Amino acid sequence: MTDIVRKKKVLVIDDNAGILFIMQQALELKQYEVHLSETYPGIGYVEQIAPDLICLDVSLVGQDGRDVARELKADVRTRHIPIIILTAYPNAEDMAHEAGANDFLSKPFDLNILWAMAAKHTSPADGM
Amino acid sequence: MCNENKKTDEDELITARKEIVFQKEEKGKRAAELGIANTEKGMRAKELGIANIELAYQDKEKEKRAAELLIANVELAFQNKEKEKRAAELLIANIELAYQNDEKEKRAEELTIANKELAYQNNVKEKRAAELIIANEELAFQNAEKEKRAAELFIANKELAFQNKEKEKRAAELSIANAELAYQNDEKEKRAAELFIANKELVFQTGEKEKRAAELAIADIELAFQNKEKEKLAIANREREQTLSYAEGILGTMREPLLVLDKHLRVKSANEAFYRTFTIDASETEGTLVYELKNRRWDTPQLREALEKILPQKSSFNDLEITFDFPVIGSKVMLLNGRRLLQSEKGEELILLAMQDISEQRVLQQRNDSFMSMASHELKTPVTTIKTLVQILQIQYEKSADTTLVEYLSTIGQQIEQLTKLVTDLLDVSKIKADKFELEEKIFDFDALTTEIVSSCQLLSAQHSITVSGATEARVSGDRNSISRVFINLITNAIKYSPGANKIDVTLSRSNGNVCVRITDFGIGIAKDQQSKIFERFFQVGNEHGQSFAGLGIGLYISAAIVAQHRGHIGVESSKGKGSTFFFELPIQESSVAITV
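Line by line, the protein sequences are chains U and Z.
Final position of the first sequence in this note's numbering is 128; the numbers increase by one with none missing.
Final position of the second sequence in this note's numbering is 1597; the numbers increase by one with none missing.
Since the hints were made in silico from the structure, they are not lab data.
Warning: the hint list may mix true and false statements.
[Claimed, not checked] Using 25 Å as the maximum straight-line C-alpha spacing, the simulated SDA-like pairs for lysine to any residue come out as follows:
1. K1027/Z to I1050/Z
2. K1332/Z to T1381/Z
3. K1442/Z to Y89/U
4. K1399/Z to Q63/U
5. K1431/Z to W115/U
6. K1332/Z to A1306/Z
7. K1380/Z to H80/U
8. K1024/Z to K1085/Z
9. K1314/Z to A1282/Z
10. K1431/Z to S123/U
11. K1576/Z to A1560/Z
12. K1314/Z to V1328/Z
13. K30/U to E1349/Z
14. K1496/Z to K1442/Z
15. K1421/Z to K30/U
16. K1421/Z to Q63/U
17. K1421/Z to E1349/Z
18. K1399/Z to S106/U
19. K30/U to K1442/Z
20. K1399/Z to F109/U
21. K1380/Z to L111/U
22. K1380/Z to L1439/Z
23. K1380/Z to D110/U
24. K1421/Z to V5/U
25. K1431/Z to K30/U
26. K1127/Z to E1137/Z
27. K1431/Z to D103/U
28. K1442/Z to M117/U
29. K1146/Z to I1133/Z
[Unchecked claim] Here are some, though not all, of the chain U residues that point toward chain Z, as calculated from beta-carbon distances under 7 Å:
30. N16
31. A17
32. Q25
33. A26
34. K30
35. V34
36. A88
37. I113
38. A116
Please read these numbers as outputs of a predicted model, since none were measured by experiment.
Glycine included, each C-beta is placed from N, C-alpha and C at the ideal position.
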């Protein structure tokens, strides 16, 4: 194995600048390459970035994050990318599952849980 | 020389002249030949003309024959078709004939069988005829015997007839004598009956006279009494009119709608506020069955239950919430109080229905709840941001020498945890109010949960020693996280409200298919009048100085909602100054029945 390991890419979509900032800080601490977007940038952009993980807020301005998740999971170009739904609702398991997301994170979340979840969904053992 | 030349020229001239003559002759011949040839041509032309005419005629003849042939062909084709039809008809006729022949044969067979049968029957008949002849002979002999006996009987009859006539004469004489006697008896009985009726009539008339006399005496007494009563009634009426006008005055002035029903639930009267609130008038209201008001919009199951079940048993009900949906004035949420009244003089039962329109109050409440939901939801975003940044800082400065900074960050972290809990509680309260509180049902070991909770709660207080006694040995089906919250809430309350005590007892048991948990503290206790309020929203128990404790006063409210959603029961036993025991019971459900509200 070479010393240079490709950094895993995470795309964070959340309409709140504060959340985008802390997601970037938190994920960069764990050596992720972080891409941020305040709105859903469209499937073409997602395909171009080719992230290893998408963290997606449920309530985007003018758009329901669950619809975005459904769209990404319906498209052959993006359906393999794991999606973590960010939500202010506790017990959002059913809601995330229904939208086709792989996991959910209830705000306010614990940093260690975010890291564990990101690692779980970007590890090679996860089939990615 | 010259002569010689002249001679030659003359010879030549002669030859030329001869030649010319010859040519003229030749021309004449050829002209004659041409004439002949022309004549020939003319003849041939004539012949050709005739031949052409002949050909034209023949062509016409041919065309005629062709036309005739065409017609003849059509005729033939038609005849062929006719022949085919007839052939088909013949075929059908043949089939018919074949069928008829079969039928004839069948009938012939049947006739043969029938003939055999007839022959057999004839034989039988002949046998019977022979038997009949013998029987006839026997009968003829018997008849002769009968006639002999008849003649003997005839003579005997005549003798009897004579004797009968004699008897009849004597019977007729006796019958006349009897009829006369019967008539005389009837007459006697009639007169006896008339006398009996006349006696009864006399007795009855005597009785009537006595009765009337008695009645008159009573009527006199009655009249005297009624006169007194009238005087009393006049006074009572005056008083009642005053009371009535007083009552009507009160009802008319009331701002809240009021209905008076008779015992058949028909509206006896209503006040102005009622007419105004429901945009209805007296003619549509008075005498109408209460359920029929406003196009039967008043016909709700809750009202029926209250009027037909609760009132007959309990004589009153309070704060019954009913939502009416009216097409024009919209939805109205009313709080109803009902009371049975007995009007003692007439023995008539009345029902009083007082209402309070809480529609607007309800709208405001809903707006408030949805605001709370939104606000607490919005609070989560900044809390998340701050919490994560503090965590990052804590990790980065974990091993730094700057202990003050580490301490500060730790305090900020704890405060954020508290803030998170408050925000979550607020959101839960608004969800409970909006009936959107969801539970995830799983089956879990109740005793294990208790141990887990108690050991983590023990960390919260060094002063109190929390002990568990008893066991449920049960598996409970429900939302483990929510039930943990109930537990934690009750234990932290026990810690919070017993600042002077040093122990908390947790007792587990099971009874009637329930697990029971009792959490006893030895703290400030709760006064009796406050015990029913502590499960309400935002209520807090104060200490003896009226000083309140930290918190929003929603923990017990959420706990009660969680327990209720698990079809359980929560309560308190307490006396002021001695401590409290909070208990809750949850049904033991091995089956996985979905819990949703």
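Against the structure, the hints come out as follows:
1. Distance hint between K1027/Z and I1050/Z is unfulfilled; the C-alpha atoms sit about 34 Å from each other, more than 25 Å.
2. The hinted pair formed by K1332/Z and T1381/Z fails the criterion: a straight-line CA distance of about 38 Å is larger than 25 Å.
3. At roughly 19 Å between alpha-carbon atoms, K1442/Z and Y89/U fall within 25 Å of each other, so this suggested pair holds.
4. Proximity of K1399/Z to Q63/U is assessed by CA-CA distance (about 43 Å); at most 25 Å being required, the pair is judged violated.
5. The hinted pair formed by K1431/Z and W115/U fails the criterion: a straight-line CA distance of about 30 Å is larger than 25 Å.
6. Distance restraint check for K1332/Z and A1306/Z: the Cα-Cα separation of roughly 18 Å lies within the 25 Å cut-off, and the hinted pair is therefore satisfied.
7. For a cut-off of 25 Å, the pair hint linking K1380/Z to H80/U is broken: about 30 Å separates their Cα positions.
8. Under the criterion of a C-alpha separation no larger than 25 Å, the hint pairing K1024/Z with K1085/Z is inconsistent with the structure, at around 90 Å.
9. For the given pair, K1314/Z sits about 30 Å from A1282/Z by alpha-carbon distance, which is inconsistent with the 25 Å threshold.
10. As the CA atoms of K1431/Z and S123/U are separated by approximately 37 Å, the hinted pair breaks the 25 Å bound.
11. A distance of roughly 22 Å separates the Cα atoms of K1576/Z and A1560/Z; the hinted pair therefore holds under the 25 Å criterion.
12. With a C-alpha separation of about 35 Å, the suggested pairing of K1314/Z with V1328/Z is violated against the 25 Å cut-off.
13. For the proposed pair K30/U and E1349/Z, the alpha carbon gap of about 81 Å is over 25 Å, so the pair is violated.
14. Only pairs whose Cα atoms come within 25 Å are accepted, and K1496/Z paired with K1442/Z is rejected, the gap being roughly 31 Å.
15. Taken as a hint, the K1421/Z and K30/U pair is broken in the structure, with Cα atoms around 28 Å apart against an allowance of 25 Å.
16. Pair hint K1421/Z plus Q63/U does not hold up; C-alpha atoms about 28 Å apart against a cutoff of 25 Å.
17. A distance of roughly 56 Å separates the Cα atoms of K1421/Z and E1349/Z; the hinted pair therefore is violated under the 25 Å criterion.
18. With a C-alpha separation of about 29 Å, the suggested pair K1399/Z and S106/U falls outside the 25 Å cut-off, and the hint is violated.
19. For the given pair, K30/U sits about 35 Å from K1442/Z by alpha-carbon distance, which is inconsistent with the 25 Å threshold.
20. Between K1399/Z and F109/U the alpha-carbon distance is near 24 Å, which keeps this suggested pair within the 25 Å criterion.
21. The hinted pair formed by K1380/Z and L111/U meets the criterion: a straight-line CA distance of about 15 Å does not exceed 25 Å.
22. The straight-line distance between the Cα atoms of K1380/Z and L1439/Z is roughly 21 Å, inside the 25 Å bound, and the hint therefore holds.
23. The straight-line distance between the Cα atoms of K1380/Z and D110/U is roughly 13 Å, inside the 25 Å bound, and the hint therefore holds.
24. Taking the CA atoms of K1421/Z and V5/U, the gap is about 41 Å. The hint is violated against a cut of 25 Å.
25. Distance restraint check for K1431/Z and K30/U: the Cα-Cα separation of roughly 36 Å exceeds the 25 Å cut-off, and the hinted pair is therefore not satisfied.
26. Restraint check for K1127/Z and E1137/Z: the C-alpha separation of about 16 Å stays at or below 25 Å, so the hint holds.
27. Between K1431/Z and D103/U the alpha-carbon distance is near 23 Å, which keeps this suggested pair within the 25 Å criterion.
28. Among the hinted pairs, K1442/Z with M117/U is consistent with the structure: their alpha-carbon atoms are about 23 Å apart, no more than 25 Å.
29. Of the pairs offered as hints, the one joining K1146/Z and I1133/Z holds, with about 20 Å between alpha carbons and a cut-off of 25 Å not exceeded.
30. For the restraint placing N16/U at the interface with chain Z, the shortest Cβ-Cβ distance is roughly 5 Å, inside the 7 Å limit, so the hint holds.
31. With a cut of 7 Å, the hint placing A17/U at the interface with chain Z is violated, because the nearest CB-to-CB distance is about 9 Å.
32. Because the closest C-beta pair between Q25/U and chain Z is about 6 Å apart, less than 7 Å, the hint holds.
33. With its C-beta approaching chain Z no nearer than about 6 Å, A26/U sits inside the 7 Å limit, and its interface hint holds.
34. The interface hint given for K30/U is broken, as the beta carbon of that residue sits about 11 Å from the closest beta carbon of chain Z, more than 7 Å.
35. Hint on V34/U is violated. Least Cβ distance to chain Z is approximately 14 Å, over the 7 Å limit.
36. Interface hint at A88/U: satisfied, since its Cβ lies 4 Å from the closest Cβ of chain Z, which is below the 7 Å cut-off.
37. For the restraint placing I113/U at the interface with chain Z, the shortest Cβ-Cβ distance is roughly 11 Å, beyond the 7 Å limit, so the hint is violated.
38. Look at A116/U: its Cβ only gets to about 13 Å from chain Z, farther than 7 Å, so that hint breaks.
The structure does not agree with the numbered hints 1, 2, 4, 5, 7, 8, 9, 10, 12, 13, 14, 15, 16, 17, 18, 19, 24, 25, 31, 34, 35, 37, 38 stated previously, though it agrees with the rest.
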